[in-house]
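Protein chains: 2
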Amino acid sequence: MRCEILCTGSELVEGRTSETNASWIIQKLAPLGIQAARVTILPDDARAITQEIREALARVRCVILTGGLGPTRDDVTRQAIARAAHRPLAEHPAARAALARWFAGRVMPVANRNQALMPQGAEPLANPAGTAPGIWISLPGGKTVASVPGVPHEMRRMIEEEVIPRLAGRAGPARAVRQLSVFGLSEAAVDAQVERLPKGVRYGITVRGIRVQLTFSAPARRRLAVEETARRLERILGRQGGLVLAGDADLAVETHRRLVRARATLAVAESCTGGRVAAMLTAVPGMSKVLIESVVTYANLSKIRRLRVSRVLLRRSGAVSHEVAAAMARGARKTSGADYALAVTGIAGPACAAPGAVRSGAAGRPEGETPEKPVGLVWLGFAGPGGVEATSLHLKGDRETIQTRAAEWALLFLLRSTIHELRVNPR
Amino acid sequence: MRCEILCTGSELVEGRTSETNASWIIQKLAPLGIQAARVTILPDDARAITQEIREALARVRCVILTGGLGPTRDDVTRQAIARAAHRPLAEHPAARAALARWFAGRVMPVANRNQALMPQGAEPLANPAGTAPGIWISLPGGKTVASVPGVPHEMRRMIEEEVIPRLAGRAGPARAVRQLSVFGLSEAAVDAQVERLPKGVRYGITVRGIRVQLTFSAPARRRLAVEETARRLERILGRQGGLVLAGDADLAVETHRRLVRARATLAVAESCTGGRVAAMLTAVPGMSKVLIESVVTYANLSKIRRLRVSRVLLRRSGAVSHEVAAAMARGARKTSGADYALAVTGIAGPACAAPGAVRSGAAGRPEGETPEKPVGLVWLGFAGPGGVEATSLHLKGDRETIQTRAAEWALLFLLRSTIHELRVNPR
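Note that the protein sequences, when read in sequence, are chains A and B.
So the first sequence is numbered by the numbering used here: it starts at 1 and just counts up by one.
So the second sequence is numbered by the numbering used here: it starts at 1 and just counts up by one.
Hints should not be assumed to be uniformly reliable.
The list treats identical chains as one, so a pair stands whether inside a single copy or across any two.
Derived pair list, reagent style DSS-like, types lysine-lysine, alpha-carbon separation capped at 25 Å [what the hints assert, rightly or not]: (1) Lys28 to Lys143; (2) Lys289 to Lys373; (3) Lys199 to Lys143; (4) Lys373 to Lys199.
These aren't lab readings, by the way, just hints derived from the structure by calculation.
Kindly produce the complete structure, drawing on both the sequences and the hints.
Printed below as a string of structure tokens:
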């Protein structure tokens, strides 16, 4: 089954807000076997939206709209759906009751009453997080229009709780889907391992940051073939040195899971990533159970004081070096009392490395860069009960890309290092 | 003049990559007086793209395409433009020469030769960063199609260097535009101050994070009226307590600018923001000149050891308190030797606050939350040569929103605090 997604809102075509809902919805629909054939972003223009709904319904079986369900005159999605479906708008008792509950004990502004209007025959979709009910309407020819607010957290709950359960029944024969996230191998290296697939099994390969994602799918009756294929690739890619996780697992979540299981604690020392490793980790609820601290030692003085890196070592080897990465990790582990420590030091482009790393005086060269140490050079250090290790990366791209990729690689390095260490068991 | 933007790429409708080019292009076109009427995202489907180009040309004067200019069979934009314009494709000598220069000294893969194909009458747009030349074609009726690659850094340079100069001449009379970024006031509070505007001056108001952006514009001959309006609002909003910066200035860039000017250094201590303040700061090249370090003291033990926050204070006041925020700032300043220090401690939702902050035993309550200290409570601390101050925030939203907003407010608090301090002059 194919669908189209229509995102409405003048802020989206005026560049004030970036549209992010469509790709989230697309990812939720894929496992149901529903593919997006098009995404259209339109301003709050009732005529254009009405026209686009009609055209989309002529092309596909299902149209999903986001935005335009608020109480103000800008919000025209209700009217547009009614016109496109040739149905009059009328107050829907259930939608009215939900609004009354939302405003219980307060006076409902007159404008909000409009939100109870639904095209005839439509069903309101419950919005637990806001005033705007969604709209679900079935039309002749097995066509469907679903409409949810554009506010991301309202949209997400309503797609998951209201739209997907209703769509699941209509999507036709379900497909068996298995996804693998592979870290530490290039797209080409992963692709080269996908050889002959069992009959009917399709695969897709995509890259997001350092993640190479493989998706295998087949008609539901071929579920076993899909699972066997995924298991086989997991083994092969693991032997090639990849870290293979199920689904779209996250490096930070995986770090948390493993450390909690091992009852181990972690400390981080960052230089060129400037807090990005800590930010990735602390996005995971419960991280305070395992993460003691991260020290963003941007200046050399900070590396010396906070992590007890030797001044001599910094002078001799430079801040971006095997020796300093190892010393930062060792120092972070000792000074924090954590079981494991991860350290990152590198040159992200103009001015990422600490001033102390500037050793060449060449004019016009990015701060921190030397002929032997180009922009993109990053050293990672790990310290655990079993000892200390370090490895280097050579990253390409602008400052932001290098900082982000370095943080991702650092977590991967931590996971790989702790896999070995956890067998030793720190406690 | 109105335009439409057509982004092509199966990865965009399959949810593997989020489309970000369109809003960037829209922002670049606005000062030329070119408005986007629609954004369409389509898979690599030559028929659908051809059809959409034709329809867009019937609606607006200019169509801008991104993506689909690569050398592989997936890349169908060239063919689609040729079909939509009823022009045959032929090798363009200048495009061929540019490819030859790109591959100088290497063998050009056969597939890349396709990239020199242009619809008859089209002009290749130079791509300094990749192999794919863009396409510029003028069609009857004053219509234009411009096509650039989808790779963001190639797209950006080509829009700025090739497309905008060509469009500038066709966009009709230019408009005078002035933007203000207001921090620390709500959208409603800012809006309330925009009263009668001079004749012909229009304004728009939008919100991104804690930034409220005002845009004033008028026909070019009314430039003075636009500038006077912006200056007047800047004064009024400043008096209301807002921090008003020109254009779309960035809090981290502004922090950097002011500290460099004052020759002052900064240290940061973060708890619930988990590295996000440091990450925002270190996104700015040259930050190593002023930022000594950021300590992400996630556990109470880390606050005690790294920042010398007293154990008694943590027990008595809790980690999320006026007293601890002030003590963290004071400790960060002292232990780092920086001129200024900023501290953040709060409850971002499940498990943001350090375990020591859990004082109620209520089951099912987010870690760190107590009846007096709800999720979203954040304390900010500042220490400088003139003393220490602290302030609290009450933020709404999910974990990610609270963490991000808290980091933005923290930078604003720092800027406001240093404005006073810098008059004292720390050195």
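Now for the hints, and whether the structure bears them out:
1. Taking the shortest alpha-carbon separations for Lys28 and Lys143, only the intra-copy value of 20 Å comes in at or below 25 Å, while the best inter-copy value is 39 Å.
2. In this assembly of identical chains, Lys289 and Lys373 lie within 25 Å of each other by CA distance solely across copies; the values are 20 Å between and 37 Å within a copy.
3. With identical chains, the CA atoms of Lys199 and Lys143 are never at most 25 Å apart, being 32 Å at best within one copy and 49 Å at best between copies.
4. Taking identical chains as interchangeable, the C-alpha atoms of Lys373 and Lys199 are never at most 25 Å apart, the minima being 50 Å within one chain and 58 Å between chains.
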